[in-house]
Amino acid sequence: MAVDYSRYLAENVLNEHRTVTHRSLSRALKVHTNLAKQMLYEFHRHENAKKPQSVNATYVIVGTPKLPEKSETNGFHVKEDGDAIMQSSPYLSSSMPQQDAAQEQVSTTSITLVREEDLEDAKSTFQFIASIHIYSLQPAVLPDLNVLTDVSRELALTFPNDDPLECGSQWGMILNKNVKRRTGVRPAAPPAAQLPKTSSSTTTAPVKPPFQKEAAPETTIPASKTTSQPSKATEKTAPVKREKSNLFTSFAKAKPREKKEVSATPAISNTESAEPSGGEDVVLDDASEEEAEQLFPDTDKRASPTDRETRKEREEKLRQMMEDDDDEEMPDAAETPREPTPPIEQPPKEPELKEQASVQGGRRRGRRQVMKKKTMKDEEGYLVTVEEPVWESFSESEAPPPKKKPAVSAPKGKPPAKAGQGSIMSFFSKK
Amino acid sequence: MSTNDKDYGFLRPPSDEQYESVYREPSHYHPLHTFALPVGSERHYQQQYGDMYFLRLAKLKPAVEQVATEAWEGFNIAGEHARRVDRVLDVRQGDLCWVAGTVYMDLPLKPNILDDLTKEHFTSAPPPRRTYLDPSKPELTQVMLEDESGRLRLTGSLLSSTQLVTGAVVAVLGTENANGDFEVVDVKVPDLPSQPRRWNKTEDKKDGGKGKIAFVSGLGITGTSSDTLALELLTDYLLGYTSPSGDEDASKITRLIIAGNSLGSGATLEAATTAASAESAKKKNASKKYGYDASTYNSSPITQLDSFLSEILPSIPVTLMPGEHDPANVSLPQQGVHRAMFLKSRAYCSAPPSGDQQPEPGWFDSVTNPWEGEVEGLRMLGTSGQNVDDVLRYLDFAGEDGTSENNEDAEARIRVMEAMLRWRCLVPTAPDTIWCYPFQTNDPFVIQSCPHIFFTGNQPQFKTAVIEGDSPLRLDGPDASMAEADDSSIPRVRLLTIPKFSETGELILVDTDTLEVEVVRFAGFAGQEEKK
Numbered sequence: 056m057a058v059d060y061s062r063y064l065a066e067n068v069l070n071e072h073r074t075v076t077h078r079s080l081s082r083a084l085k086v087h088t089n090l091a092k093q094m095l096y097e098f099h100r101h102e103n104a105k106k107p108q109s110v111n112a113t114y115v116i117v118g119t120p121k122l123p124e125k126s127e128t129n130g131f132h133v134k135e136d137g138d139a140i141m142q143s144s145p146y147l148s149s150s151m152p153q154q155d156a157a158q159e160q161v162s163t164t165s166i167t168l169v170r171e172e173d174l175e176d177a178k179s180t181f182q183f184i185a186s187i188h189i190y191s192l193q194p195a196v197l198p199d200l201n202v203l204t205d206v207s208r209e210l211a212l213t214f215p216n217d218d219p220l221e222c223g224s225q226w227g228m229i230l231n232k233n234v235k236r237r238t239g240v241r242p243a244a245p246p247a248a249q250l251p252k253t254s255s256s257t258t259t260a261p262v263k264p265p266f267q268k269e270a271a272p273e274t275t276i277p278a279s280k281t282t283s284q285p286s287k288a289t290e291k292t293a294p295v296k297r298e299k300s301n302l303f304t305s306f307a308k309a310k311p312r313e314k315k316e317v318s319a320t321p322a323i324s325n326t327e328s329a330e331p332s333g334g335e336d337v338v339l340d341d342a343s344e345e346e347a348e349q350l351f352p353d354t355d356k357r358a359s360p361t362d363r364e365t366r367k368e369r370e371e372k373l374r375q376m377m378e379d380d381d382d383e384e385m386p387d388a389a390e391t392p393r394e395p396t397p398p399i400e401q402p403p404k405e406p407e408l409k410e411q412a413s414v415q416g417g418r419r420r421g422r423r424q425v426m427k428k429k430t431m432k433d434e435e436g437y438l439v440t441v442e443e444p445v446w447e448s449f450s451e452s453e454a455p456p457p458k459k460k461p462a463v464s465a466p467k468g469k470p471p472a473k474a475g476q477g478s479i480m481s482f483f484s485k486k
Numbered sequence: 006m007s008t009n010d011k012d013y014g015f016l017r018p019p020s021d022e023q024y025e026s027v028y029r030e031p032s033h034y035h036p037l038h039t040f041a042l043p044v045g046s047e048r049h050y051q052q053q054y055g056d057m058y059f060l061r062l063a064k065l066k067p068a069v070e071q072v073a074t075e076a077w078e079g080f081n082i083a084g085e086h087a088r089r090v091d092r093v094l095d096v097r098q099g100d101l102c103w104v105a106g107t108v109y110m111d112l113p114l115k116p117n118i119l120d121d122l123t124k125e126h127f128t129s130a131p132p133p134r135r136t137y138l139d140p141s142k143p144e145l146t147q148v149m150l151e152d153e154s155g156r157l158r159l160t161g162s163l164l165s166s167t168q169l170v171t172g173a174v175v176a177v178l179g180t181e182n183a184n185g186d187f188e189v190v191d192v193k194v195p196d197l198p199s200q201p202r203r204w205n206k207t208e209d210k211k212d213g214g215k216g217k218i219a220f221v222s223g224l225g226i227t228g229t230s231s232d233t234l235a236l237e238l239l240t241d242y243l244l245g246y247t248s249p250s251g252d253e254d255a256s257k258i259t260r261l262i263i264a265g266n267s268l269g270s271g272a273t274l275e276a277a278t279t280a281a282s283a284e285s286a287k288k289k290n291a292s293k294k295y296g297y298d299a300s301t302y303n304s305s306p307i308t309q310l311d312s313f314l315s316e317i318l319p320s321i322p323v324t325l326m327p328g329e330h331d332p333a334n335v336s337l338p339q340q341g342v343h344r345a346m347f348l349k350s351r352a353y354c355s356a357p358p359s360g361d362q363q364p365e366p367g368w369f370d371s372v373t374n375p376w377e378g379e380v381e382g383l384r385m386l387g388t389s390g391q392n393v394d395d396v397l398r399y400l401d402f403a404g405e406d407g408t409s410e411n412n413e414d415a416e417a418r419i420r421v422m423e424a425m426l427r428w429r430c431l432v433p434t435a436p437d438t439i440w441c442y443p444f445q446t447n448d449p450f451v452i453q454s455c456p457h458i459f460f461t462g463n464q465p466q467f468k469t470a471v472i473e474g475d476s477p478l479r480l481d482g483p484d485a486s487m488a489e490a491d492d493s494s495i496p497r498v499r500l501l502t503i504p505k506f507s508e509t510g511e512l513i514l515v516d517t518d519t520l521e522v523e524v525v526r527f528a529g530f531a532g533q534e535e536k537k
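Protein sequence lines correspond, in order, to chains E and R. Sequential numbering from 56 applies to the first sequence in this note's numbering. Sequential numbering from 6 applies to the second sequence in this note's numbering.
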């Protein structure tokens, strides 16, 4: 034991320059925190005897602080315990001066964290010291005491499998016989720890003392829930994949939709696995929520079929509507894989105008031929006006207005035979 | 280390001492669901708020009239007897009479609903008001008494010395003067309601009940590492790692009550502003995202709160009330923070309600604000502080006595709490200046029975007092309390203002037997390193 702790401390504090608190030591060595405090003290004394200033400590002082100077007691009725009794006061306030409570002497305990160098200073601010113990050891003076909190945060990550209900007595935690913890939901833990943990969780339930007064109904949650847990991890990925293929098949008809769907499903499954069952029930109301659902990752499985159905319905409705409107058969989208609608329908051109256009990243630019009047003086000194074709460059924004018109009227004017835009989506797409 | 120092059991080499397991006292806990709102589709916001005033008046008028009758029966000035008038509109000019009604105060700086309409044109929003009073123009403050029939303006020198706020139900004695205003001679309030005996609700009496209840509020967790030291020490203390071996207090603490604002104000504000700025960016790339966007939502405050709770929960039951800054609804009564927010701690929650039956209160109970319940047989009533803060905006306690600024403020807060109990109205200024749910059939803010401990969270300073009801002979109902011993029929209430933990590092302990109060203060010592 003795070798154990000094080696552990030497490794961590001296070699790796880490901070060790009494709690992290007690966790690591599985000893009582009070013992850990003594170990810290012994190590600190020992090392500093060998080489001064090699280890720095912080202390916790528990005690009654010295009171700041109290100026007045107003001579009111003060009970022996220091409470001022506000006399059966008729009514509020300023008309009732005797209501003023005297400065009260409430017993105060102060728990102060102190660096080694400040220990004596700090002690002098106390009237009575109930206890002093070493809080942590570190190789150098801590510039900021808040750093110590990181140690305990790390603790939770290093020892995720320690169930406080089991190990509490080992650490010297105040135990409670009446703790009610539901066994169904595991406290979130790093995924790696999931499997070993669940197996231990089934054993935690019986750990509760049998003489518990209130029989907690939570503990009697059907065993099926807990037993189904281990499969969770494996199930988690599988159903989602299956789901995806389902989606593929069901949306094979409406191709343009499928793309959206596929991109959406991974998004769901991602959040789902990142924080199991966390994301979803935020939205749910307290009453409507079924906690059981949290246990299983398959909520999305359940959700998506209904989703799919409603979407299909909606699609159906839309189609109906369209048919009513246009009074024409919409060809099934599946037969004609949708092409992107041509950006702009070729306008009926005036014969003399030519155009070279290219679509670059959505912007349409190019050159076109325009007839321009040109006036010049000829050799004989007459002014001659000539119309001649000129190339000018343009980009989308200055697209000629005449072009738009045919584009707008195009779908209507087009015979139904041209079935390229059969899909509903093309109807809603930007014109 | 010098040898004359005590070793306190820890400053010595490791020993073979065996440490006994310390067990915590059991907690007898019975929350009341007074402030629970109907869930789901049952909750409507279309109703008018007028009903609340009507309900409040209907409930409190008999009580205040009883007090007034006792006080003013046979009261006469120059041979004229005070007459009771039923409705404010029935007051006749020149008659000495008394009438009961709801106070309405018209204050110059009170928020106006029309401000909301002009809000869009603000170049910058006005800062939140500390008070609704305008000290430079005291004449703009009007006090009125209203009931279902109409309103009566109150005047008289008494008003300046009596503290009244909108929504309180009072009885006033006086006459109507030539201006049609009511000259007030005296004011009566409903006073403390009857107090249930200890162990009223819980069946198993007095087999336990030795212990302390811990109160903390305003943990103000922001998710940064700068504010967590005190919290860490608090965790250690509650788990019993701090106490000198064995016998100490921490194991006597049977329950921790967190009275609001567990998250820092910065946390939500920051998130709101980033969300607002991200809003525009979001619109640009209008791709729909599932789950929360990590850039607009900072989960670290709530995660940290969760890990704090999950660390102490194996040892101590916790009651968590939401506050102004917490992720709950803003309007009172705030409903409990949803357990889905607490990934680790929710294992200690009660099972979700199934059907009509109320589930057993959870080990970790996320309750409403305000909250009422029984702990160790003691009736508790408390809020996260919005009600007191708002009432203080109506009142002017300045310059009453020569005490220091801080002290005076704490004193005022205790007085406001006392006044609320005597008005029998927990949040008198709702719905006038505090947002609240439009109750239709009952006003839960009317205090039905007097608590033993009345606490308010998130106050600047710790302060406590005990108040007593005055007339033990006056009974409000046909209860059998007449037969009881004298001291149990006088309501005695322990008032507590619980300071913000993030600022003071203070935990308040109340002894369940004697109602004595203790303070435990957690801090790091600012030594040489800080002075550099």
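Hints are supplied without guarantee of correctness; some may be wrong.
In silico DSSO-like cross-links for lysine-lysine, where the CA-CA straight-line distance does not exceed 30 Å [to be verified]: (1) R/Lys142 <-> R/Lys215; (2) E/Lys232 <-> E/Lys178; (3) R/Lys64 <-> E/Lys121; (4) E/Lys121 <-> E/Lys106; (5) R/Lys349 <-> E/Lys232; (6) R/Lys142 <-> R/Lys115; (7) R/Lys257 <-> R/Lys115; (8) R/Lys64 <-> E/Lys232; (9) R/Lys215 <-> E/Lys232; (10) E/Lys372 <-> E/Lys428; (11) E/Lys178 <-> E/Lys121; (12) R/Lys257 <-> E/Lys85; (13) E/Lys85 <-> R/Lys349; (14) R/Lys215 <-> E/Lys121; (15) R/Lys115 <-> R/Lys64; (16) E/Lys178 <-> R/Lys257; (17) E/Lys232 <-> E/Lys429.
Anything over 10 Å on all C-beta distances counts as not near chain R; from chain E, calculated [unchecked claim]: (18) Glu102; (19) Lys106; (20) Ser109; (21) Thr213; (22) Trp226; (23) Arg366; (24) Lys427; (25) Asp433; (26) Val441.
Hints are computed from structural coordinates only; laboratory data are not their basis. All C-beta atoms, glycine included, are put in the ideal place defined by N, C-alpha and C.
Against the structure, the hints come out as follows:
no.	hint	result
1	R/Lys142 <-> R/Lys215	violated (54 Å)
2	E/Lys232 <-> E/Lys178	violated (37 Å)
3	R/Lys64 <-> E/Lys121	violated (49 Å)
4	E/Lys121 <-> E/Lys106	violated (36 Å)
5	R/Lys349 <-> E/Lys232	holds (20 Å)
6	R/Lys142 <-> R/Lys115	holds (14 Å)
7	R/Lys257 <-> R/Lys115	violated (46 Å)
8	R/Lys64 <-> E/Lys232	violated (43 Å)
9	R/Lys215 <-> E/Lys232	holds (16 Å)
10	E/Lys372 <-> E/Lys428	violated (56 Å)
11	E/Lys178 <-> E/Lys121	holds (10 Å)
12	R/Lys257 <-> E/Lys85	holds (26 Å)
13	E/Lys85 <-> R/Lys349	holds (23 Å)
14	R/Lys215 <-> E/Lys121	holds (29 Å)
15	R/Lys115 <-> R/Lys64	holds (27 Å)
16	E/Lys178 <-> R/Lys257	holds (27 Å)
17	E/Lys232 <-> E/Lys429	violated (102 Å)
18	Glu102	holds (13 Å)
19	Lys106	holds (16 Å)
20	Ser109	holds (15 Å)
21	Thr213	holds (14 Å)
22	Trp226	violated (8 Å)
23	Arg366	holds (15 Å)
24	Lys427	holds (40 Å)
25	Asp433	holds (57 Å)
26	Val441	holds (50 Å)
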